[in-house]
Structure formats: C-alpha cells, structure tokens
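Protein sequences appear in the order of chains A and B. Numbering follows the UniProt record's numbering, with no gaps: position 52 of the first sequence is 52. Numbering follows the UniProt record's numbering, with no gaps: position 100 of the second sequence is 100.
Since the hints were derived computationally from the structure, they do not count as laboratory data. Certain hints may be false.
Partial list, derived from the structure: chain A residues whose beta carbon lies under 10 Å from chain B [to be verified]: (1) Thr28; (2) Phe109; (3) Pro118.
Computed list of lysine-lysine pairs in DSBU-like fashion (alpha-carbon distance at most 35 Å, straight line) [to be verified]: (4) A/Lys16 x B/Lys149; (5) B/Lys61 x A/Lys99; (6) A/Lys141 x A/Lys61.
Every residue gets a Cβ at the ideal spot worked out from N, C-alpha and C, and that includes glycine.
Residue-level listing of the chains:
There are 2 protein chains.
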Amino acid sequence: MPSKGIDRYLVKPGSKFEMASVDTSEKTLWEDLTKDDHEATYDMLRDELQHLQKVLYAQQKHRVLVVIQAMDTGGKDGCIKHVFSRIDPQGINVHSFKKPSEEELAHDFLWRVHPHVPRNGQLVIFNRSHYEDILAVRVKKLFPDEVWKRRYRHVVEFERMLAEEGTTIIKIFLHISKDEQKKRLEARLENPAKHWKFNPDDLQDRARWGDFMHAYEDLIGKTSTECAPWYVIPADRKWYRNLCVANLMVEKLRSLKMEFPHPTWDPATVRVED
Amino acid sequence: MPSKGIDRYLVKPGSKFEMASVDTSEKTLWEDLTKDDHEATYDMLRDELQHLQKVLYAQQKHRVLVVIQAMDTGGKDGCIKHVFSRIDPQGINVHSFKKPSEEELAHDFLWRVHPHVPRNGQLVIFNRSHYEDILAVRVKKLFPDEVWKRRYRHVVEFERMLAEEGTTIIKIFLHISKDEQKKRLEARLENPAKHWKFNPDDLQDRARWGDFMHAYEDLIGKTSTECAPWYVIPADRKWYRNLCVANLMVEKLRSLKMEFPHPTWDPATVRVED
Numbered sequence: 001m002p003s004k005g006i007d008r009y010l011v012k013p014g015s016k017f018e019m020a021s022v023d024t025s026e027k028t029l030w031e032d033l034t035k036d037d038h039e040a041t042y043d044m045l046r047d048e049l050q051h052l053q054k055v056l057y058a059q060q061k062h063r064v065l066v067v068i069q070a071m072d073t074g075g076k077d078g079c080i081k082h083v084f085s086r087i088d089p090q091g092i093n094v095h096s097f098k099k100p101s102e103e104e105l106a107h108d109f110l111w112r113v114h115p116h117v118p119r120n121g122q123l124v125i126f127n128r129s130h131y132e133d134i135l136a137v138r139v140k141k142l143f144p145d146e147v148w149k150r151r152y153r154h155v156v157e158f159e160r161m162l163a164e165e166g167t168t169i170i171k172i173f174l175h176i177s178k179d180e181q182k183k184r185l186e187a188r189l190e191n192p193a194k195h196w197k198f199n200p201d202d203l204q205d206r207a208r209w210g211d212f213m214h215a216y217e218d219l220i221g222k223t224s225t226e227c228a229p230w231y232v233i234p235a236d237r238k239w240y241r242n243l244c245v246a247n248l249m250v251e252k253l254r255s256l257k258m259e260f261p262h263p264t265w266d267p268a269t270v271r272v273e274d
Numbered sequence: 001m002p003s004k005g006i007d008r009y010l011v012k013p014g015s016k017f018e019m020a021s022v023d024t025s026e027k028t029l030w031e032d033l034t035k036d037d038h039e040a041t042y043d044m045l046r047d048e049l050q051h052l053q054k055v056l057y058a059q060q061k062h063r064v065l066v067v068i069q070a071m072d073t074g075g076k077d078g079c080i081k082h083v084f085s086r087i088d089p090q091g092i093n094v095h096s097f098k099k100p101s102e103e104e105l106a107h108d109f110l111w112r113v114h115p116h117v118p119r120n121g122q123l124v125i126f127n128r129s130h131y132e133d134i135l136a137v138r139v140k141k142l143f144p145d146e147v148w149k150r151r152y153r154h155v156v157e158f159e160r161m162l163a164e165e166g167t168t169i170i171k172i173f174l175h176i177s178k179d180e181q182k183k184r185l186e187a188r189l190e191n192p193a194k195h196w197k198f199n200p201d202d203l204q205d206r207a208r209w210g211d212f213m214h215a216y217e218d219l220i221g222k223t224s225t226e227c228a229p230w231y232v233i234p235a236d237r238k239w240y241r242n243l244c245v246a247n248l249m250v251e252k253l254r255s256l257k258m259e260f261p262h263p264t265w266d267p268a269t270v271r272v273e274d
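Based on the sequences and whatever the hints tell you, model everything.
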C-alpha cells in the first residue's frame, strides 16, 4: 500500500507556525505521478481506510476523532464526502458545529462538544469544532480578548485528557488561497444548484481574510501538540487534498496496530445443536 | 447575617494536605453558642441562601457547581436535603453519579460529567462526582496506576476551564471518623426503614478505610486550586456539618456580588392597553 511523507504537513508541536510556509497549490507528494496513477493510489488508500475502520469497529478499543477546519469553500464537506464515503456508516459519525445556540452559549464552550466525542471503536469527524470558539470569537470580537486567549489552554488540556483516556486525535486545516476562494464562491453564484451553499455572510469573513489567516496561524501553532497535532493540507487542488487526507488517515490508523479481537471462547468447543 | 471563618476548612491550594489535621468531631466555629442559637443561625443562613439563589437565577449570569464527596454514611444525602431544601427547585439540580455504565466506560471519564455542569443562573450539586474516577479506581485497582495519576491533571484543567468560562466551583468533603461510620451503619441495620440505604458492599470499602483516607488526602491536596478549592468539613456532628455547609454556600454566593437584573426597557414608557 502506498504511503508518502505526509508528515511534511505536520505542524511540529512547540514550534512557531507560519501559514505562508504552506503553498496552497502545491502537489509535491504526488507530482511525479500521472492522473491515472493518482486515481489508482487514491482508490487503494480508500480501500485500506475502509478496512482499517472495520478493525477499529470490531476491536472496540480505540477512539478516533478527526477535526476539520477551513475557510468557507475550503473543502470540508467535499473532503468528508470523498475520503470517508466508503466507510460503514455504523462506525462513523460526522458532527457539524453551527453558530452556538442560546442554550449552548449559556454553558462553557466545550459543553456542546464533549457529548459528541467518539466512544470505543468509533470514528468521529468534527466539521468545524471548538476551534471556532477561538477563531470566530477572536476575529469577530464576540467576547473580550482574554476569553479566547484562555481557550488555547482549555482546548489543549481537553484534548490531552481525551488522548490520555484513549482517543486518537487528528486535526486538519484545509488551506486554500484567497484567489481560490474567489473562484469557488463565483462558481456557487453561477450555479443555481449550488446557491444553497452560498451565504452572503461568507463575504464578511472573506473581507477579513488577513485577520482569519493570522488567527489560524496563531491558533494552529499554539494548539498543535503531541497528543493532538495539526496538519495543514494544501487544498487548492481537490485531488491533492483528498489524497493527502486519505493518506494521513491511513497512516494514523495503521500506527494504532489494531487487530480483530480474538474470541474469548474456544471455537472448537462450540457445537450448534440440531 | 452571621458569617464565620469557614476558611478554616479550606485546603490551601498548593499546600500539602493532611487528613489528620481536621478533627471529624470538632465544633470550633459555633461552640460558644447554645443549641437554640445554632438553630436560629442555621435558619438565617438558609433564608439568605434561598435569597441568593433567587438572584442567581434572575441574573442568569453565574453558574455554580457544588461537588460533595464523602465515605458511605458521611452525610451527602442528608446534607443536600437539609441545607438546600428551601431553594426553588427550578433553579437547583442534584446529579448523583453511580457506578459507570458500559456506555460511560467506553468514553473518557469526564464524558458523563460534562453534560450536567450548570448553565447560567443554575446551581448544580454533584452527589459524588468525577473524583470517584480517581478514588475508587485507585483504591479498588480498577485500572493501572497511570490512569488515575493522569486524571489529577485532567480534573484540575477541566475545572479551570469551567471556572474561566464562568462557573463558581465549591468542593466539599464531609469528613467522618471510622467510629462514627460504624454507628451509622449499625443504625441502618437496626432500622428496617433504613435498610434500603444499606449495601453490604459498603463494608468492603470500610475494610479499606485507611486506603481511602490516604487516597482522599492525596487527591484533595493535589486538586484544591484557586479556581476550585476543596473544603474538608468536620461531619461527625450533623448540626455542625449543616451549619458549616450553609455558611460556606452563603459566603461563596455573597462574594459573587450578584444583583437582580435591571430592565433593558424603561418601565415608565410601558403602557398596558385596555
């Protein structure tokens, strides 16, 4: 099975991260392959991911949490759909976090998140996450600065607890350029079948692109930990983004060295009566 | 309103705590008063507590979490019933944590706790808590030592997050002697109306009294923080225990300097039409 140096996109814990260090349109890991080869590789990766999830589910030992963040049109929905669609729906759960409700805001910011973390044998994907409670809060100035600043520690320690209790955490930022977003937004506007995905409010976030990049840069650098590292994936090219995420998932799940559980009874002694 | 030096029972954050430093049968704070005076004082404290909770509920600003731990017969149920029974049930919620279910054990240990933390304006009491996942796990050797050792940090950071997000946390250990427990267990055995409260398994915990005291001592010392301090309350005398807890609650709620919310509209401009 193919495996590439996906750690190229790992944000090293404890290091200062610079967003500009990742080229949104690069295709280094697979640039030597033809388009047909990309597709064959992607196909193999998805098969292996499907297999690994089966073992994860059967073994009921590990919990896997994937956090996906991106700017609007960054490819969160598309990536989830493409990379994870072969997986048995019984073992995977995608949770999308929207604007918090009044009830959610009346609690600490992790209160609405915690119930959705994976149980043994489960793979959970967060489409947006508790990181919005730092990012959006910071850029849109929803609360005083000390609130989001304290939350760096809160998320790091929350994730440490999850990890030490048995959860494998993979955090992915799908990184697109401002130009690429423009193309995608225009495509949405031009295609009536995609109008439902367009929200005029997204343009407000776009107008603060620099603020968001700065907030992401700071956030990713400060919350990439051994327990829960960030991967910043070039996402201007959808095929490359999907290959990277599939590859990352396969590498992470392989590293758990999972196996189907051995029966606790001796199959030789079991007889099915007439 | 009466207020005594309840900080006598505060476990100073960062200090080494010795269980033997608290005499389970002492009555220092109110020993100069007669029994009638105790009752009058207790009555006033409960009235004030009732009032403070009204403001808490009306203001919808603060969240209050009370964690109560004790050995069996230590008085958790009795204390909750006595001290908090005058409070409007709409604004108070008591959550008892039992032996974790299979579903709960398939998640991190804080997963079952987090949904029950208070929202704005709410007072929540935990009758037993996430601390059992350290104590019972340690004394009964339910998981390897590294599991409960890591959990010290997990609870401290969880509580820090809750506190920084707006929750006032008060942790109470009702401290009784082994002799006092014997009396109470015997009383339960002798009274058929109390048989439902007796569980033969409690005798197993009693047989490990020394181990539990050692585990509590270590736990309380290491998890008493500025954000979420422990109070070790002498609890052999029920009247004294109740006075102390009522007094502690009143002091903590007073210190929030709460007030009824001011209307955001001008009452003078409102006219109720015919």
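Against the structure, the hints come out as follows:
1. Taking 10 Å as the C-beta cut-off, the interface hint given for threonine 28 of chain A is violated, the closest approach to chain B being about 37 Å.
2. For phenylalanine 109 of chain A, the interface hint holds, since its Cβ comes within 10 Å of a Cβ in chain B; the closest pair sits about 6 Å apart.
3. Interface hint at proline 118 of chain A: satisfied, since its Cβ lies 8 Å from the closest Cβ of chain B, which is below the 10 Å cut-off.
4. Proposed proximity of lysine 16 of chain A and lysine 149 of chain B is supported: the alpha carbons are some 31 Å apart, at most 35 Å.
5. Proximity of lysine 61 of chain B to lysine 99 of chain A is assessed by CA-CA distance (about 21 Å); at most 35 Å being required, the pair is judged to hold.
6. Of the pairs offered as hints, the one joining lysine 141 of chain A and lysine 61 of chain A is violated, with about 41 Å between alpha carbons and a cut-off of 35 Å exceeded.
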